[in-house]
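J.: Sequence:
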Amino acid sequence: MKYQQKEPLFSISVTAKITGISPRVLRSYEEAELLSPYRTEGNTRLYSQGDVQRIRVIYYLHKEREVNLPGIKIILGLLSPHFHEDASSDEPVVKNKAADDLIHKIREVAPDLLSGTFKE
DNA sequence: GTTCTGACA
DNA sequence: TGTCAGAA
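Residue numbers (numbering that gives the first Met the number 0): 0 to 119.
Since the hints were made in silico from the structure, they are not lab data.
Just so you know, these numbers come straight off a predicted model, no measurement behind them.
A couple of the hints might just be wrong.
What the hints assert, rightly or not - Calculated lysine-lysine pairs in the DSSO-like style (CA-CA distance at most 27 Å, straight line):
1. Lys16 - Lys72
2. Lys72 - Lys104
3. Lys16 - Lys5
4. Lys62 - Lys16
Turn these sequences into a full structure, and let the hints guide you.
T.: What follows is the structure, given as structure tokens:
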């Protein structure tokens, strides 16, 4: 045999079919930087099974929770821990950089919001 | 025939 | 978000 992809890839029409989401919306998700499907040499999108699962999460947030696309991007970012090596430790440290950055920004614009002194 | 981008309502 | 145009 020649070779085979371990991972099935789907065209946008097939992906639309199995997710129930129109190609137009799938493209809008990519435009909002919520997805990065593979591209063929001819620039045609190819979605992986992982992409399909991510699309289902995006759609849930989008339609059921009514989160707009920029908001979904932030949420997905918070769900992706940032891995880095801590030189002073033997064990790899798992740190959620996106969450830390957001907290730092909140403290910047509202210093007391996340402290115990904040009331109301 | 399918998909892509850009555009309009 | 649906739909259309023009190109690949």
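J.: Does each hint hold? Answer for all of them.
T.: Structure-based check of all given hints:
1. For the hint pairing Lys16 with Lys72, the CA-to-CA distance comes to about 24 Å; that is within 27 Å, so the pair holds.
2. Distance restraint check for Lys72 and Lys104: the Cα-Cα separation of roughly 17 Å lies within the 27 Å cut-off, and the hinted pair is therefore satisfied.
3. For the given pair, Lys16 sits about 22 Å from Lys5 by alpha-carbon distance, which is consistent with the 27 Å threshold.
4. The hinted pair formed by Lys62 and Lys16 meets the criterion: a straight-line CA distance of about 18 Å does not exceed 27 Å.
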